[in-house]
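Q: Those sequence lines, one after another, are chains L and B. Here the first sequence stands for residues 1 to 164, where the numbers follow the numbering used here. Here the second sequence stands for residues 165 to 736, where the numbers follow the numbering used here.
Treat the hints with caution; some may be incorrect.
Straight-line Cα separation of at most 30 Å, DSSO-like style, residue types lysine-lysine; simulated pairs [stated by the list, open to error]:
| no. | chain 1 | residue 1 | chain 2 | residue 2 |
| --- | --- | --- | --- | --- |
| 1 | B | 478 | B | 353 |
| 2 | L | 66 | B | 370 |
| 3 | B | 202 | B | 353 |
| 4 | L | 72 | B | 478 |
| 5 | L | 66 | B | 306 |
| 6 | B | 306 | B | 296 |
| 7 | B | 543 | B | 698 |
| 8 | L | 72 | B | 353 |
| 9 | B | 475 | B | 296 |
| 10 | B | 306 | L | 62 |
| 11 | L | 66 | B | 230 |
| 12 | B | 573 | B | 511 |
| 13 | L | 66 | B | 202 |
| 14 | L | 62 | B | 543 |
| 15 | L | 62 | B | 698 |
| 16 | B | 334 | L | 62 |
| 17 | L | 62 | B | 462 |
| 18 | L | 66 | B | 511 |
| 19 | L | 62 | B | 230 |
| 20 | L | 66 | B | 462 |
| 21 | B | 353 | L | 66 |
| 22 | L | 62 | B | 475 |
| 23 | B | 698 | B | 207 |
| 24 | B | 296 | L | 72 |
| 25 | L | 90 | L | 62 |
| 26 | B | 478 | L | 66 |
| 27 | B | 462 | B | 722 |
| 28 | B | 511 | B | 475 |
| 29 | L | 62 | B | 202 |
| 30 | L | 72 | B | 306 |
| 31 | B | 334 | B | 296 |
| 32 | B | 462 | B | 478 |
| 33 | B | 732 | L | 72 |
Read the hints as simulated data drawn from the structure, not as lab findings. Quick caveat: nothing in here was measured; it's all calculated off a predicted structure.
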Amino acid sequence: MRHIISILIENEAGALSRVAGLFSARGYNIESLSVAPTEDASLSRMTLVTRGSEQIIEQITKQLNKLVDVVKLLDLTEGEHIEREIMLIKVRAASNGEREEVKRLADIFRGHILDVSRVTYTVELTGDTRKLDSFIRALGDIPILETVRCGSMGIPRGERSLHL
Amino acid sequence: MELSGAEILVQFLKDEGVECVFGYPGGSVLHIYDELYKQDEIKHILVRHEQAAAHAADGYARTSGKPGVVLVTSGPGVTNAVTGIATAYMDSIPMVVITGQVPTAVIGSDAFQEVDTVGITRPCSKHNFLVKDARDIASTLKKAFHLATTGRPGPVVVDVPKDVTDPGVKVPYSYPETISMRSYNPRVKGNARQIRRAVSLILSAKRPIIYSGGGVILSGAADSLTELARMLGVPVTSTLMGLGGYPATDRQFLGMLGMHGTYEANMAMHECDVLIAIGARFDDRVTGKIEQFCPDAKIVHIDIDPASISKTVKVDIPIVGDVDSVLTEMLQLLRNSDSALDQEELKLWWELIERWRATNCLAYDHDSELIKPQFVIEKLWEITGGDAFITTDVGQHQMWAAQFYRFDKPNRFVTSGGLGTMGFGLPAAMGVQIANPGSSVACITGEGSIQMCIQELSTCFQYMLPLKIINLNNRYLGMVRQWQEFFYGSRYSHSYMDALPDFVKLAESYGHVGICIQSPADVEGALREAFSMKDRLVFLDFITDQTENVYPMIAAGKAHHEMEMSPKSVLI
Ligand SMILES: Cc1cc2nc3c(=O)[nH]c(=O)nc-3n(C[C@H](O)[C@H](O)[C@H](O)COP(=O)(O)OP(=O)(O)OC[C@H]3O[C@@H](n4cnc5c(N)ncnc54)[C@H](O)[C@@H]3O)c2cc1C
Ligand SMILES: Cc1ncc(C[n+]2csc(CCOP(=O)(O)OP(=O)(O)O)c2C)c(N)n1
Ligand SMILES: [Mg+2]
Numbered sequence: 001m002r003h004i005i006s007i008l009i010e011n012e013a014g015a016l017s018r019v020a021g022l023f024s025a026r027g028y029n030i031e032s033l034s035v036a037p038t039e040d041a042s043l044s045r046m047t048l049v050t051r052g053s054e055q056i057i058e059q060i061t062k063q064l065n066k067l068v069d070v071v072k073l074l075d076l077t078e079g080e081h082i083e084r085e086i087m088l089i090k091v092r093a094a095s096n097g098e099r100e101e102v103k104r105l106a107d108i109f110r111g112h113i114l115d116v117s118r119v120t121y122t123v124e125l126t127g128d129t130r131k132l133d134s135f136i137r138a139l140g141d142i143p144i145l146e147t148v149r150c151g152s153m154g155i156p157r158g159e160r161s162l163h164l
Numbered sequence: 165m166e167l168s169g170a171e172i173l174v175q176f177l178k179d180e181g182v183e184c185v186f187g188y189p190g191g192s193v194l195h196i197y198d199e200l201y202k203q204d205e206i207k208h209i210l211v212r213h214e215q216a217a218a219h220a221a222d223g224y225a226r227t228s229g230k231p232g233v234v235l236v237t238s239g240p241g242v243t244n245a246v247t248g249i250a251t252a253y254m255d256s257i258p259m260v261v262i263t264g265q266v267p268t269a270v271i272g273s274d275a276f277q278e279v280d281t282v283g284i285t286r287p288c289s290k291h292n293f294l295v296k297d298a299r300d301i302a303s304t305l306k307k308a309f310h311l312a313t314t315g316r317p318g319p320v321v322v323d324v325p326k327d328v329t330d331p332g333v334k335v336p337y338s339y340p341e342t343i344s345m346r347s348y349n350p351r352v353k354g355n356a357r358q359i360r361r362a363v364s365l366i367l368s369a370k371r372p373i374i375y376s377g378g379g380v381i382l383s384g385a386a387d388s389l390t391e392l393a394r395m396l397g398v399p400v401t402s403t404l405m406g407l408g409g410y411p412a413t414d415r416q417f418l419g420m421l422g423m424h425g426t427y428e429a430n431m432a433m434h435e436c437d438v439l440i441a442i443g444a445r446f447d448d449r450v451t452g453k454i455e456q457f458c459p460d461a462k463i464v465h466i467d468i469d470p471a472s473i474s475k476t477v478k479v480d481i482p483i484v485g486d487v488d489s490v491l492t493e494m495l496q497l498l499r500n501s502d503s504a505l506d507q508e509e510l511k512l513w514w515e516l517i518e519r520w521r522a523t524n525c526l527a528y529d530h531d532s533e534l535i536k537p538q539f540v541i542e543k544l545w546e547i548t549g550g551d552a553f554i555t556t557d558v559g560q561h562q563m564w565a566a567q568f569y570r571f572d573k574p575n576r577f578v579t580s581g582g583l584g585t586m587g588f589g590l591p592a593a594m595g596v597q598i599a600n601p602g603s604s605v606a607c608i609t610g611e612g613s614i615q616m617c618i619q620e621l622s623t624c625f626q627y628m629l630p631l632k633i634i635n636l637n638n639r640y641l642g643m644v645r646q647w648q649e650f651f652y653g654s655r656y657s658h659s660y661m662d663a664l665p666d667f668v669k670l671a672e673s674y675g676h677v678g679i680c681i682q683s684p685a686d687v688e689g690a691l692r693e694a695f696s697m698k699d700r701l702v703f704l705d706f707i708t709d710q711t712e713n714v715y716p717m718i719a720a721g722k723a724h725h726e727m728e729m730s731p732k733s734v735l736i
């Protein structure tokens with residue numbers, strides 16, 4: 001099962017490597033990991049996407065909680081939540097046909113074209129992981145020159161929230 | 165008070181109540197060593213290799229109830245200490261390791277004797293810190309001691325760059341009496357509802373057993389465990405790390421379980437219907453084949469570390485908390501309970517256990533011309549009245565020590581269980597002797613292991629540590645040889661210990677007494693002679709039977725009821 005785990009961690013040097021090191025040392029898989037400071041400068045928030053059996057996920061959350069720098073943790077998958085990821089994707093758009101097709105797809109997926117050159121379009125797209133994946137599939141034969149994705153971020157719906 | 169970083173560091177250790185530091189100097193810690201020179205409250209033990217500093221601090225911690233403290237220099241000082249840090253980590257031993265680092269300005273430039281200490285020790289310490297400002301030394305060390313000694317204990321590393329201890333830079337210091345960390349709040353008290361559920365499950369059992377581990381020792385819960393077991397009248401087995409948590413000479417004790425556990429302990433595990441796991445972590449040396457582990461049992465597990473619970477074996481009633489606190493509450497509930505264990509069933513259970521016990525699974529040949537290693541340890545137990553502190557190295561001798569030295573008290577058996585570090589025994593014994601001057605301390609070792617930290621004989625002479633070294637010299641890396649005999653068609657690939665030194669002369673050249681014992685008839689006399697020399701280290705080199713194996717044995721991947729038995733045990 002795929003799980004999205006949100007972590008509040010002390011904003012200390014090396015905090016990220018403690019999490020990454022835990023995953024590599026114990027052979028857990030990380031599908032994506034995103035980190036940034038929060039409104040409280042002493043805390044960072046990480047969103048980590050991983051896969052494993054219930055037993056492995058239980059160990060992952062326990063081992064993460066055991067890290068001294070981890071202040072709090074929430075498995076978003078356990079409740080209703082919103083998931084978002086941003087993708088910047090540069091595709092070839094040299095011919096008229098290619099340009100029209102990319103523009104049309106960007107509209108359908110509610111993306112924006114951020115940058116245009118003689119032969120390329122760069123599209124920005126926001127959504128959950130599945131939406132971004134299907135955009136890529138929809139591009140079909142149009143050559144992709146570059147993709148950048150930030151990894152999933154998530155937040156619980158409603159009044160549930162992860163804070164101190 | 166305005167002090168330099170080095171002064172703060174040493175003053176903090178005094179204020180924290182540290183009496184002894186195990187260390188080895190070098191460039192990056194010279195400011196600190198200069199401060200140590202100027203005082204005499206803290207004793208510094210100069211080892212001969214940094215690995216030994218960590219093992220000695222480990223032995224000190226296990227037998228003093230206080231954290232061990234280590235001080236080493238940057239680069240090779242740290243890398244040498246890593247084996248000792250990892251050893252303490254695997255066995256959850258409280259330790260604070262202060263490491264020198266190159267000056268902050270040159271960190272990351274491949275400076276002379278620079279290693280990424282925080283990076284190297286991250287996976288083998290409970291936590292680690294890099295101190296970048298003299299003002300942070302006291303609060304960081306306070307956190308380090310707090311982390312090392314609370315919750316599930318473990319080693320904590322504090323890396324201190326040389327400029328941070330500069331004697332020319334003075335900053336304010338006051339001893340931080342308390343520390344709070346919002347991200348670290350280990351749970352001590354168990355959940356009351358879970359404890360009630362556990363008690364009622366236990367009372368419904370027909371074939372209960374207590375599986376006790378190192379957590380009982382670490383928690384100081386031997387008395388509570390003993391009271392619980394006696395009140396219930398149930399059998400107790402223990403891991404290697406838990407030995408001494410329940411008196412080994414008591415009838416209710418079945419001996420150690422696991423790979424080299426007794427027949428009765430392993431069979432009772434296999435047949436039990438309620439397993440009470442207390443401060444034990446279901447290690448693979450203990451469980452054997454996971455799919456067949458305690459097939460009929462409901463499991464209660466008490467552990468302070470939630471990550472130890474349901475890690476390898478799914479348990480039915482988890483209780484997160486300190487063993488002593490939880491057992492105290494259980495005892496309270498049991499005293500006030502109207503129900504009790506079904507005594508008829510319990511009697512039948514004991515009859516079954518006594519039949520397993522009758523196999524006499526630890527039997528060995530008493531009529532041999534050669535010295536049997538088991539015999540040496542039995543005699544050692546007799547002569548020391550079962551009351552010595554015993555450290556071991558790793559191998560067959562370690563297993564015989566666990567099987568034949570019957571520990572009635574906790575904190576008496578000091579062994580590297582989790583990492584299985586050869587070279588641990590001698591330096592650990594130094595730490596034990598320093599924590600317990602005047603007590604008998606013996607290191608049970610093998611001719612392979614003892615050579616891994618043999619240089620510490622020099623430290624022992626400098627500080628007049630009257631250890632007794634029991635070298636079970638089988639001229640083999642015996643545990644390796646045993647596996648090669650069983651599983652590799654007796655192809656003894658590189659397990660013969662050739663070109664051994666003359667251990668008697670070696671001991672003498674370090675200023676100690678050496679005795680070589682070749683015949684079973686001389687074993688007892690030599691041991692008595694050694695222990696009568698109260699102020700001398702005596703190296704006893706017992707030339708033992710080379711072919712002896714450790715029995716019973718559960719081969720890797722086998723279940724508890726599939727033991728290889730000694731040819732001497734009684735088959736049933
Ligand atoms: C050659 C060799 C052979 C071995 N053979 C065997 C064998 O046959 N049988 C055997 O048992 N072992 C054997 N071992 C040792 C084995 O590798 C493990 O080290 C050992 O089994 C672990 O013991 P434990 O489960 O008691 O856990 P420990 O490593 O002692 O861990 C303690 C547990 O207690 C918890 N704890 C700590 N403090 C507290 C507290 N205050 N309150 C509550 N819980 C606490 C910890 O979280 C942890 O889960 C062998 C080792 C070697 C080197
Ligand atoms: C540092 C280290 N290296 C290798 C091993 C693997 N090992 C485990 S037991 C053993 C043999 C130990 O020989 P000895 O000390 O003579 O003890 P014996 O088994 O003969 O009693 C070895 C090599 C280890 N545990 N530790
Ligand atoms: Mg040997």
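Q: Look at each hint and say if it fits the structure.
A: Structure-based check of all given hints:
Proximity of residue 478/B to residue 353/B is assessed by CA-CA distance (about 22 Å); at most 30 Å being required, the pair is judged to hold. The hinted pair formed by residue 66/L and residue 370/B fails the criterion: a straight-line CA distance of about 36 Å is larger than 30 Å. Taken as a hint, the residue 202/B and residue 353/B pair is broken in the structure, with Cα atoms around 44 Å apart against an allowance of 30 Å. Taken as a hint, the residue 72/L and residue 478/B pair is honoured in the structure, with Cα atoms around 25 Å apart against an allowance of 30 Å.
With a CA separation close to 19 Å, the supplied pair residue 66/L and residue 306/B stays within the 30 Å bound. Our distance criterion of 30 Å between C-alpha atoms is met by residue 306/B and residue 296/B, whose separation comes to about 16 Å. Distance restraint check for residue 543/B and residue 698/B: the Cα-Cα separation of roughly 18 Å lies within the 30 Å cut-off, and the hinted pair is therefore satisfied. Restraint check for residue 72/L and residue 353/B: satisfied, since their Cα atoms lie roughly 20 Å apart, inside the 30 Å limit.
Using a Cα cut-off of 30 Å, the hinted pair residue 475/B and residue 296/B is violated, with the two alpha carbons roughly 37 Å apart. Of the pairs offered as hints, the one joining residue 306/B and residue 62/L holds, with about 25 Å between alpha carbons and a cut-off of 30 Å not exceeded. Restraint check for residue 66/L and residue 230/B: satisfied, since their Cα atoms lie roughly 23 Å apart, inside the 30 Å limit. Proximity of residue 573/B to residue 511/B is assessed by CA-CA distance (about 27 Å); at most 30 Å being required, the pair is judged to hold.
At most 30 Å may separate the alpha-carbon atoms for a hinted pair to count; residue 66/L and residue 202/B exceed this at roughly 40 Å. Of the pairs offered as hints, the one joining residue 62/L and residue 543/B is violated, with about 46 Å between alpha carbons and a cut-off of 30 Å exceeded. Restraint check: the Cα-Cα separation between residue 62/L and residue 698/B comes to about 49 Å, which exceeds 30 Å; the hinted pair is violated. Among the hinted pairs, residue 334/B with residue 62/L is inconsistent with the structure: their alpha-carbon atoms are about 42 Å apart, more than 30 Å.
Pair hint residue 62/L plus residue 462/B holds up; C-alpha atoms about 23 Å apart against a cutoff of 30 Å. About 43 Å separates the Cα atoms of residue 66/L and residue 511/B, which puts this hinted pair outside 30 Å; it is violated. The straight-line distance between the Cα atoms of residue 62/L and residue 230/B is roughly 28 Å, inside the 30 Å bound, and the hint therefore holds. Under the criterion of a C-alpha separation no larger than 30 Å, the hint pairing residue 66/L with residue 462/B is consistent with the structure, at around 27 Å.
Between residue 353/B and residue 66/L the alpha-carbon distance is near 17 Å, which keeps this suggested pair within the 30 Å criterion. Pair hint residue 62/L plus residue 475/B holds up; C-alpha atoms about 10 Å apart against a cutoff of 30 Å. A threshold of 30 Å between alpha carbons decides the hint, and for residue 698/B with residue 207/B the separation of about 22 Å falls inside it, so the pair holds. Pair hint residue 296/B plus residue 72/L holds up; C-alpha atoms about 26 Å apart against a cutoff of 30 Å.
Taking the CA atoms of residue 90/L and residue 62/L, the gap is near 40 Å; set against the 30 Å cutoff, the hint is violated. Between residue 478/B and residue 66/L the alpha-carbon distance is near 19 Å, which keeps this suggested pair within the 30 Å criterion. For the hint linking residue 462/B to residue 722/B, the alpha-carbon distance of about 21 Å falls within 30 Å, and the restraint holds. Distance check on the hinted pair: residue 511/B and residue 475/B sit about 33 Å apart at the alpha-carbon level, beyond 30 Å; violated.
Taking the CA atoms of residue 62/L and residue 202/B, the gap is near 46 Å; set against the 30 Å cutoff, the hint is violated. Restraint check: the Cα-Cα separation between residue 72/L and residue 306/B comes to about 23 Å, which is no more than 30 Å; the hinted pair holds. This hinted pair checks out: residue 334/B and residue 296/B have alpha carbons roughly 15 Å apart, not beyond 30 Å. Of the supplied pair hints, the one linking residue 462/B and residue 478/B holds, its CA atoms being roughly 10 Å apart against a limit of 30 Å.
Between residue 732/B and residue 72/L, the direct Cα distance comes to roughly 56 Å. Violation of the 30 Å bound is thereby established for this hinted pair.
Of the numbered hints listed earlier, those contradicted by the structure are 2, 3, 9, 13, 14, 15, 16, 18, 25, 28, 29, 33.
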